[in-house]
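Engineer: Spelled out from the first residue to the last, the chains are:
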Amino acid sequence: MRPIATNCRRPVASSLVPSGRVKAATDSATGLKDAAALGAAKPSARKPAIVLRGVEKSFRVPLHRRGTLKERVLHPFTPMEVEELHAARGVSFTVGEGEFFGIVGRNGSGKSTLLKLLAGIYQPDTGEIRIEGRVSPLIELGVGFNPEMAARDNVLVNGTLLGLSRAETLQRFDEIVEFAGLERFTELPLKNYSAGMLTRLAFSIAINVDADVLLLDEVLAVGDVGFQEKCFETFRRLHKAGKTIVLVTHAMATIRRFCSRAILIEQGRMVKIGDPEDIAELYRETVAREPGAGPEGDPRGARYGDGSAEIEEVWVEDELALRGNSFEQGGWLTICAQVRFEEAMEDPSFVFVIRSEDGRNVFSSATAASDAGGGAFEAGERIMVRLRFRNHLGVGTYEITPCVAHPEGRRWADARKDFSAFAIRGDGWTGAMVDLPNEFAIERKPSP
Amino acid sequence: MSSAGRGAFGRTASLVYTLAITEFKRRYYGNALGYFWTLAKPLLLFAVLYLAFTKILNFGGGVPDYPAMVITGIVLYNYFAETTGEGLYGLVANEGLVRKVPVPLLVIPLATALRCFFTLCLNLVAVLVFLAIADVPVTWQWLQFPLLLTALLVFSSAMGALLADLYVPFRDMGAIWEIGLQLFFWTAPIIYPIEAVAPEVRHVLMLNPLAVIVAQARHVLIGQGAPSVTEAMASPAMVAVPIGIVLAALAASILLYRWITPRIAEQL
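Chains U and Z are the protein sequences, given in the same order. Each residue of the first sequence is one higher than the one before, counting from 1 in the working numbering. Each residue of the second sequence is one higher than the one before, counting from 1 in the working numbering.
Chain U on its own, in the form it takes in the complex (with noise of 0.2 Å):
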């Protein structure tokens, strides 16, 4: 086990802690409150089961992926470029023994890396987190399932990779399947198993782990209502026991209906940490602020690039040239773009994509491909960008992602995910993505 689990992590910069918190308090996007305050003011009685202090993470993502050595050995010199992530910030709590702890955020917030950490299978960049007991990390059910051998070899390496012993998992094996209700199906190899039957099977093996603390991320999701409501009842029973539960979910009513306590979570920081109610009322007015970033969508607005040219606005404007957010189906369009260079530039590319609702690319157009623009642009200097197209577009709402790359078209300078999106409206809704320009030909057979 890693030493997580062993109940004393070694502080890795604990004089960090104070720092981090008023770092975490005066950078706060949101500028709600202080958190670590927050979290003081309502102290747990308890004897506490989970202690972070100033937790820091952040991850190096590498812009384009999948290197090779022969690419190291051939650009010894070219620096491998990499993105910060920040995914947690600063973060600080305690849960106390035996609380039903919740986690809340959007997508890409942070919290489930927070679980992660919580769980050892990451470490922290700086800060310390200490849990006391055994843990059972319900990070996704049936880690290790392999749809060819029987549920018996399954739970065994499943049990065994929870943290039961090869033995433990053995007596445990007819409580397990007799949980899920599959005792007439242990010989049966997982691949003949429904959706459901592999969820319940999965289930069940991680809650008789026995562990003290339990970490769960969104597994209530899935699994028809008969056996959520058995999960629900499994989870009062376990923290009727006594165990400490830390949930992660979007979903607001479980955290109401459960939780002691929860923390809301925004870009890897604590935006607040109390009583379930108003986490669940906050969490909907951050959902609100931002529309079209659904709980479940991807963070809108996301970006990516170096800095050295920025989008600065994107609109859509009709064949007279008038701007607007809603247009009629047919004729053309056009999509702008303002750009300032930061830094001089040659011969960059410049991409749109429009995306349809539910996220597939409808349409994809870039400089590189059709040879319009180009040239060099100086720094400070600003441009309009414009990509003229018929409008084929099906009745609907879409979302404009611009991109500016270098000239390798590798980088991106910038590029800013769904930053603009338009309608397209008309009496013709066909419920398709596309309105292709067609015709019927119906003819009639000459009868022999």
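There could be a bad hint or two in this list.
[Said to hold, decoys possible] Some chain U residues close to chain Z (C-beta under 8 Å, calculated; not the full set):
| id | residue |
| --- | --- |
| 1 | Lys-70 |
| 2 | Gly-120 |
| 3 | Ile-121 |
| 4 | Tyr-122 |
| 5 | Glu-140 |
| 6 | Gly-144 |
| 7 | Met-149 |
| 8 | Ser-165 |
[As the list claims (entries may be wrong)] Cβ-Cβ distance ranges computed for the label pairs, FRET-style:
| id | chain 1 | residue 1 | chain 2 | residue 2 | range |
| --- | --- | --- | --- | --- | --- |
| 9 | Z | Glu-231 | U | Val-73 | 37 to 43 Å |
| 10 | U | Thr-186 | Z | Asp-172 | 41 to 47 Å |
| 11 | U | Asp-174 | Z | Trp-140 | 47 to 53 Å |
| 12 | Z | Thr-150 | U | Val-73 | 31 to 37 Å |
| 13 | U | Lys-70 | Z | Ser-235 | 37 to 43 Å |
| 14 | Z | Leu-51 | U | Gln-171 | 53 to 59 Å |
| 15 | U | Ala-167 | Z | Gly-96 | 21 to 27 Å |
| 16 | U | Lys-191 | Z | Ala-240 | 49 to 55 Å |
| 17 | U | Pro-147 | Z | Ser-235 | 52 to 58 Å |
| 18 | Z | Val-241 | U | Glu-342 | 53 to 59 Å |
| 19 | Z | Val-92 | U | Gly-196 | 29 to 35 Å |
[Stated by the list, open to error] To spell it out: a stretch of chain Z is covered by chain U in this simulated footprint if at least three of its residues, at any positions, have a beta carbon under 8 Å from a beta carbon of chain U; those stretches are:
| id | stretch |
| --- | --- |
| 20 | 8 to 21 |
| 21 | 100 to 114 |
| 22 | 171 to 185 |
| 23 | 260 to 267 |
These are calculated hints, taken from the structure and not from any lab test. Positions of the beta carbon are idealized from the N, C-alpha and C atoms, including for glycine.
Using the hints provided, position chain Z relative to the given structure of chain U.
Structural biologist: Below, chain Z without anything else, positioned relative to chain U:
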């Protein structure tokens, strides 16, 4: 985990065993020819090389118990090739496991090494058959063989672990290592007897742990004038070099998996 009354070692061992045995079973599950196929690979390679060298090149005639020597070498090399060749993809192939449960990552290359060891044990039956055909006497020297197997196991799993780390940032390691394995095959005395190599070349070849294990295995199992490793080396003291390489690989993999691999795994 303290609550279960066993240490990190117990958990690692039980994980390694469970993962290895499950994967081993999966490969041969419901597959009547399973064992035959494990055996077929080294045997066919043996047949090809044996025919090429004895019948086409007219080589090996002067070497006593040449077939037994070749099959022993092939089976040992086969273990090394399988453990490192498959271990290379370990971290990437088990991404789900690496990123979803907290496991000591060394478990992954070790499980591969153990599973391949099961295959090796089955293949050694073929070696015994060849030794019996050659009428090789069983001697006390054979007791050295388990020691050689241990060295092979340690060297192969350490190499597999290190390669798995390299494969994460360098996705062409798979192709590169195939060449590496060819190099290991031809520089180890598998199809040629070590005494046939010119001394100055031999002294260099005998620094490679795999070559040392293969040569010494022939010496202890077959004998028949096959030189021991210390005889084949420039001086007996040189045996410290291959042993040192094995221990260095072992230490490097343990340290790397303790401190660096968890970070590498985050990049998957």
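Engineer: Does each hint hold? Answer for all of them.
Structural biologist: Quick rundown of the hints versus the structure:
| no. | hint | in the structure |
| --- | --- | --- |
| 1 | Lys-70 | holds (6 Å) |
| 2 | Gly-120 | holds (4 Å) |
| 3 | Ile-121 | holds (5 Å) |
| 4 | Tyr-122 | holds (6 Å) |
| 5 | Glu-140 | holds (4 Å) |
| 6 | Gly-144 | holds (6 Å) |
| 7 | Met-149 | holds (6 Å) |
| 8 | Ser-165 | holds (6 Å) |
| 9 | Glu-231/Z x Val-73/U: 37 to 43 Å | holds (40 Å) |
| 10 | Thr-186/U x Asp-172/Z: 41 to 47 Å | holds (44 Å) |
| 11 | Asp-174/U x Trp-140/Z: 47 to 53 Å | holds (50 Å) |
| 12 | Thr-150/Z x Val-73/U: 31 to 37 Å | holds (36 Å) |
| 13 | Lys-70/U x Ser-235/Z: 37 to 43 Å | holds (40 Å) |
| 14 | Leu-51/Z x Gln-171/U: 53 to 59 Å | holds (54 Å) |
| 15 | Ala-167/U x Gly-96/Z: 21 to 27 Å | holds (26 Å) |
| 16 | Lys-191/U x Ala-240/Z: 49 to 55 Å | holds (52 Å) |
| 17 | Pro-147/U x Ser-235/Z: 52 to 58 Å | holds (56 Å) |
| 18 | Val-241/Z x Glu-342/U: 53 to 59 Å | holds (56 Å) |
| 19 | Val-92/Z x Gly-196/U: 29 to 35 Å | holds (31 Å) |
| 20 | 8 to 21 | holds (count 8) |
| 21 | 100 to 114 | holds (count 5) |
| 22 | 171 to 185 | holds (count 4) |
| 23 | 260 to 267 | holds (count 4) |
When held up to the earlier numbered hints, the structure conflicts with none and fits them all.
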